[in-house]
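Asks: Chain residues, written in single-letter form:
There are 2 protein chains.
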Amino acid sequence: MTVTDYKSVAAQKREARDQAFLEKWLIPEEKLPSADVKDVLSWPLKSGYLTGEEITITESTYNEMHEKIKCKEWSAYQIASAFCHRASIAHQLVNCLSEVFFVDGLKQAKELDEYYEKTNKLKGPFHGLPISLKDNLNVKGQATSIGFVGLAFNPKEYETDSLIVSKLREMGAVFCFKTNVPVAMMMPESTNHIYGNTVSPFNRGTTSGGSSGGECALGPLLGRCYLGIGSDIGGSLRIPASLQNLFTLRPSSGRFTTYGSRSGLPGLESVASVNGPISTTMENLEFYCENLINHGKQWLDDSKCLEVPWRDVEVPEKLTIAILRDDGVVKPYPAIDRALKHVTESLELQGHEVIDWNPLHHERLTNLIGSFFLSDGGEHCKDLLNLSGEPVFDYMKPYETSADLPVSKLWDLHSERTKLCNEYLAQWNKTCEKTSSGNPIDAIIMPVSPYSGVGVGKFRYIGYTAVFNALDWAAGTVPVTRVDKALDMKDETYMPRNPMDAQTYEEYDVDEVEGCAVSVQVVCKKLQEEKVVKIMKNVSEIIGTSDYWSRS
Amino acid sequence: MTVTDYKSVAAQKREARDQAFLEKWLIPEEKLPSADVKDVLSWPLKSGYLTGEEITITESTYNEMHEKIKCKEWSAYQIASAFCHRASIAHQLVNCLSEVFFVDGLKQAKELDEYYEKTNKLKGPFHGLPISLKDNLNVKGQATSIGFVGLAFNPKEYETDSLIVSKLREMGAVFCFKTNVPVAMMMPESTNHIYGNTVSPFNRGTTSGGSSGGECALGPLLGRCYLGIGSDIGGSLRIPASLQNLFTLRPSSGRFTTYGSRSGLPGLESVASVNGPISTTMENLEFYCENLINHGKQWLDDSKCLEVPWRDVEVPEKLTIAILRDDGVVKPYPAIDRALKHVTESLELQGHEVIDWNPLHHERLTNLIGSFFLSDGGEHCKDLLNLSGEPVFDYMKPYETSADLPVSKLWDLHSERTKLCNEYLAQWNKTCEKTSSGNPIDAIIMPVSPYSGVGVGKFRYIGYTAVFNALDWAAGTVPVTRVDKALDMKDETYMPRNPMDAQTYEEYDVDEVEGCAVSVQVVCKKLQEEKVVKIMKNVSEIIGTSDYWSRS
Numbered sequence: 001m002t003v004t005d006y007k008s009v010a011a012q013k014r015e016a017r018d019q020a021f022l023e024k025w026l027i028p029e030e031k032l033p034s035a036d037v038k039d040v041l042s043w044p045l046k047s048g049y050l051t052g053e054e055i056t057i058t059e060s061t062y063n064e065m066h067e068k069i070k071c072k073e074w075s076a077y078q079i080a081s082a083f084c085h086r087a088s089i090a091h092q093l094v095n096c097l098s099e100v101f102f103v104d105g106l107k108q109a110k111e112l113d114e115y116y117e118k119t120n121k122l123k124g125p126f127h128g129l130p131i132s133l134k135d136n137l138n139v140k141g142q143a144t145s146i147g148f149v150g151l152a153f154n155p156k157e158y159e160t161d162s163l164i165v166s167k168l169r170e171m172g173a174v175f176c177f178k179t180n181v182p183v184a185m186m187m188p189e190s191t192n193h194i195y196g197n198t199v200s201p202f203n204r205g206t207t208s209g210g211s212s213g214g215e216c217a218l219g220p221l222l223g224r225c226y227l228g229i230g231s232d233i234g235g236s237l238r239i240p241a242s243l244q245n246l247f248t249l250r251p252s253s254g255r256f257t258t259y260g261s262r263s264g265l266p267g268l269e270s271v272a273s274v275n276g277p278i279s280t281t282m283e284n285l286e287f288y289c290e291n292l293i294n295h296g297k298q299w300l301d302d303s304k305c306l307e308v309p310w311r312d313v314e315v316p317e318k319l320t321i322a323i324l325r326d327d328g329v330v331k332p333y334p335a336i337d338r339a340l341k342h343v344t345e346s347l348e349l350q351g352h353e354v355i356d357w358n359p360l361h362h363e364r365l366t367n368l369i370g371s372f373f374l375s376d377g378g379e380h381c382k383d384l385l386n387l388s389g390e391p392v393f394d395y396m397k398p399y400e401t402s403a404d405l406p407v408s409k410l411w412d413l414h415s416e417r418t419k420l421c422n423e424y425l426a427q428w429n430k431t432c433e434k435t436s437s438g439n440p441i442d443a444i445i446m447p448v449s450p451y452s453g454v455g456v457g458k459f460r461y462i463g464y465t466a467v468f469n470a471l472d473w474a475a476g477t478v479p480v481t482r483v484d485k486a487l488d489m490k491d492e493t494y495m496p497r498n499p500m501d502a503q504t505y506e507e508y509d510v511d512e513v514e515g516c517a518v519s520v521q522v523v524c525k526k527l528q529e530e531k532v533v534k535i536m537k538n539v540s541e542i543i544g545t546s547d548y549w550s551r552s
Numbered sequence: 001m002t003v004t005d006y007k008s009v010a011a012q013k014r015e016a017r018d019q020a021f022l023e024k025w026l027i028p029e030e031k032l033p034s035a036d037v038k039d040v041l042s043w044p045l046k047s048g049y050l051t052g053e054e055i056t057i058t059e060s061t062y063n064e065m066h067e068k069i070k071c072k073e074w075s076a077y078q079i080a081s082a083f084c085h086r087a088s089i090a091h092q093l094v095n096c097l098s099e100v101f102f103v104d105g106l107k108q109a110k111e112l113d114e115y116y117e118k119t120n121k122l123k124g125p126f127h128g129l130p131i132s133l134k135d136n137l138n139v140k141g142q143a144t145s146i147g148f149v150g151l152a153f154n155p156k157e158y159e160t161d162s163l164i165v166s167k168l169r170e171m172g173a174v175f176c177f178k179t180n181v182p183v184a185m186m187m188p189e190s191t192n193h194i195y196g197n198t199v200s201p202f203n204r205g206t207t208s209g210g211s212s213g214g215e216c217a218l219g220p221l222l223g224r225c226y227l228g229i230g231s232d233i234g235g236s237l238r239i240p241a242s243l244q245n246l247f248t249l250r251p252s253s254g255r256f257t258t259y260g261s262r263s264g265l266p267g268l269e270s271v272a273s274v275n276g277p278i279s280t281t282m283e284n285l286e287f288y289c290e291n292l293i294n295h296g297k298q299w300l301d302d303s304k305c306l307e308v309p310w311r312d313v314e315v316p317e318k319l320t321i322a323i324l325r326d327d328g329v330v331k332p333y334p335a336i337d338r339a340l341k342h343v344t345e346s347l348e349l350q351g352h353e354v355i356d357w358n359p360l361h362h363e364r365l366t367n368l369i370g371s372f373f374l375s376d377g378g379e380h381c382k383d384l385l386n387l388s389g390e391p392v393f394d395y396m397k398p399y400e401t402s403a404d405l406p407v408s409k410l411w412d413l414h415s416e417r418t419k420l421c422n423e424y425l426a427q428w429n430k431t432c433e434k435t436s437s438g439n440p441i442d443a444i445i446m447p448v449s450p451y452s453g454v455g456v457g458k459f460r461y462i463g464y465t466a467v468f469n470a471l472d473w474a475a476g477t478v479p480v481t482r483v484d485k486a487l488d489m490k491d492e493t494y495m496p497r498n499p500m501d502a503q504t505y506e507e508y509d510v511d512e513v514e515g516c517a518v519s520v521q522v523v524c525k526k527l528q529e530e531k532v533v534k535i536m537k538n539v540s541e542i543i544g545t546s547d548y549w550s551r552s
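Protein chains in written order, with the UniProt record's numbering: chain A, 1 to 552; chain B, 1 to 552.
Calculated from the structure, these hints are not laboratory results.
Glycine included, C-beta positions come from ideal geometry on N, C-alpha and C.
Keep in mind that the hints are not guaranteed to be accurate.
[As the list claims (entries may be wrong)] For each label pair, taking beta carbons as the anchor points, the in silico distance ranges come out as:
hint : chain 1 : residue 1 : chain 2 : residue 2 : range
1    : A       : N367      : B       : H342      : 56 to 62 angstroms
2    : B       : G196      : A       : I355      : 53 to 59 angstroms
3    : A       : R364      : B       : Y494      : 53 to 59 angstroms
4    : A       : D412      : B       : L22       : 39 to 45 angstroms
5    : A       : E317      : B       : S550      : 50 to 56 angstroms
6    : B       : H342      : A       : E317      : 55 to 61 angstroms
7    : B       : D491      : A       : D412      : 44 to 50 angstroms
8    : B       : E67       : A       : V315      : 34 to 40 angstroms
With the sequences and hints as input, model every part of the structure.
Replies: Shown next, in the form of structure tokens:
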């Protein structure tokens, strides 16, 4: 295709999406907040476009909606309608949706109502609960472009759902749209030549992050009803969740099925892309994990899934937490340091024990992950880019210039990784020498990235998240605070330790990121999803952010 | 090194091993059965070299030995001594040992006795139980040549145990020797330029198989006390176990740690080599699984291990089994067909349900596994061969001629495999349409290989086992019978379907394999190790081989 071709295909696709919105819900351009209004978090509620009922519904958690459906106070249709209306408004504020199929979602909800009416039985634990989907998840009847112009209509409609979508659909979940992602889902910002950039509702001058950036820009605007599914191969759930103060869980591979979803790096197995939930409430997140795993039994249909139920685990009343404030490569921005101090003090104040964490092998493990991403010499990405002839974003340049590695070299990288991972695990065990209980720590708490908000084009370092993709450990994010100009001034005395550190430091401009979200990462070991979720809950209660997204 | 060099290094290594045997136990050449005595199964017991007590000890199971140790009727030293003496005899019959460290094992046993004497506590569930080790497992103070002359003294002594060895050692297990393997553990016969071939005690004119061939040749000669650890990447536990009528379990990856053991294909992750137990009794095998997993907690120290306990599972009283008799590629020899008919009839006679199994994608999955093995272009193998300049066995020629694949092609093979595996799983689910219960089958029972015994150099096809390495499913072997000249005549009317089938058929010579072992494979799904073990037990009881290795 020529240059005009890729632009015209992208325009057609954009046009098709825009046509799928419902006229009645579209807000005239002039009634929307102007571009210089950065913080739009409360706009959907305050704008007057939502009815009281729509607000009540979308401010309800999964358990609350489930109860209301069960007692027939609310219909699935009512919920889907409120959900779509509020998502429609959100989209106009931050450009978060990719595929829009409100009509299908409402039809699906209606059928669920009819089913319940007729049988007096709910379809399953997700009956009538709306779930937002990242673009890479295939939905029957919809396209999946994952940011490539060449995939915008290729195929125009998928014939089957991704397995996780069909499992949830069987259990009654309702799907109304999908959300924007970066090209190949391999950039830390959700932008592409079809839909452009998805910005953060905390500060529309900053990026929503990536690759689950469409999801995470939407979440805060959708309220407490929000639960979405994203994916994470180097931080793609945790990075955008942290830039929007959402709760997310990056599970170990095998807990949630990824079968039948579209990948930007298909066939890469050296590091597994995983699916995980993102939400405004821990309640929704737990509901999702427990019901999807225990009722969905994904291992019956995905040979890579592990037959491990969602288990009830105990955590000690007195937690022992290792804190990492700086990985020694790129120093986090002041607000993140402030957040970690706050977490530390709050933990200690309530009698929990805090020790330091050493970022053993973080830099090398991050580099290894990068090598795995690029190990096919970008061949698969280039093939997809070549479908349309679209240009390559700066973030993706390494996919153009890397070599298609010989497998013999890949094996050597694998061997190195295995050794480093076991040394990392040994360091965890060795903490028993430092804790007062004599047991190893319960979790690590640390930054998600160096960025407490970041302007478009400046997200350069994923070392704080990627290390746990290399390890395949369970990790989540917990909201802490927002950037405050008065508190988060640049430390003018700081001496950067390397060029990346220097650039990151130089690019910090507190005015640019005013009001941005500040979260921390909670990390447990492989397959300890239940434990990390419990500790995320505890920590958010301890620091007072468990109701971060309640209206009160 | 020159040709003489590799031969002289091999001779030195052989000499060092031979020197490690205890003089008092060595049987003069002329007292050993002559080479034309093929079946030596009962020779150790009948030869008169073992004392009555040594026989009683070595004919005891793990539970029996554990009880005797606990009540101080037997010491760990007595057991280790009987174990070593009988292994010494076995080695003289079939050439099964690679590293011999009887003295260390006896010392270890003595220390355990002293510990028990002093503390009145057992070291752990394996206190005083001897475990045989495949050569690839590192033992502190010993070498690990895995069939390469260049590794014979490189290093001369490992400084640490493989993780599985140290875990078992901490729990009181005793190690006295390691067993022979093929070069790189990548041939289906246990031969190499250091130690030569390990033959089957059922018929010394036939191979013991590989790669856990040293283990499996030893097992039948050691009696009911025998438990060894082997490994399996394409059939390396199941093939030799079936050629010696032993029980083995090939677990899914992540159940048993492989960390810190020496690999012939280091860094290969497209298909995982797994560790598993081999034994003369299901009792020992279960003892090992339960205690190693639940007490050893390998996941604490191996980042690839899954935190999944050994679980108590229920299997239906009335089993539903799918039988595969022929994979459509290479037809099994007559005795295997006879064994499967016997299993089928026995199951049906006792009210169990039997349906047919379709070998969906078996050929392609086997070819994919082969591509993964060779995907580094044999670079790692060649490096190890070049250390000594030793020649390449015919079985290993593909490692000399394959290309070092670009990673982009490897990704495509991964994607294909993922799809085929899920289709295979779907076929399992679909059996519910054929079963009287309306549930899917409980297990597949099928051949382990086409061979009911095979002469040296003629084991050509691993399709019956490799498919489950591609799937990473749980599979085991159960002894059924032995080859009988009168029953297992060549079917002269058979029309082979392809060159491999033709060659296999042509090479069948019932006289050559008279008396050889005939086992079947029992297969359950991924992570269903507990279920496959339970069904192996049930099946062996149903067909009357649960006491196959008892003296009576």
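Asks: Taking the hints in turn, state whether each one holds.
Replies: Structure-based check of each hint:
1. N367/A x H342/B: 56 to 62 angstroms: 57 angstroms, holds
2. G196/B x I355/A: 53 to 59 angstroms: 56 angstroms, holds
3. R364/A x Y494/B: 53 to 59 angstroms: 58 angstroms, holds
4. D412/A x L22/B: 39 to 45 angstroms: The hinted range 39 to 45 angstroms holds for D412/A and L22/B, with Cβ atoms some 42 angstroms apart.
5. E317/A x S550/B: 50 to 56 angstroms: 53 angstroms, holds
6. H342/B x E317/A: 55 to 61 angstroms: 59 angstroms, holds
7. D491/B x D412/A: 44 to 50 angstroms: Given range 44 to 50 angstroms: holds, Cβ gap about 49 angstroms.
8. E67/B x V315/A: 34 to 40 angstroms: 39 angstroms, holds
Going down the numbered hints, you'll see the structure goes against none, and every one checks out.
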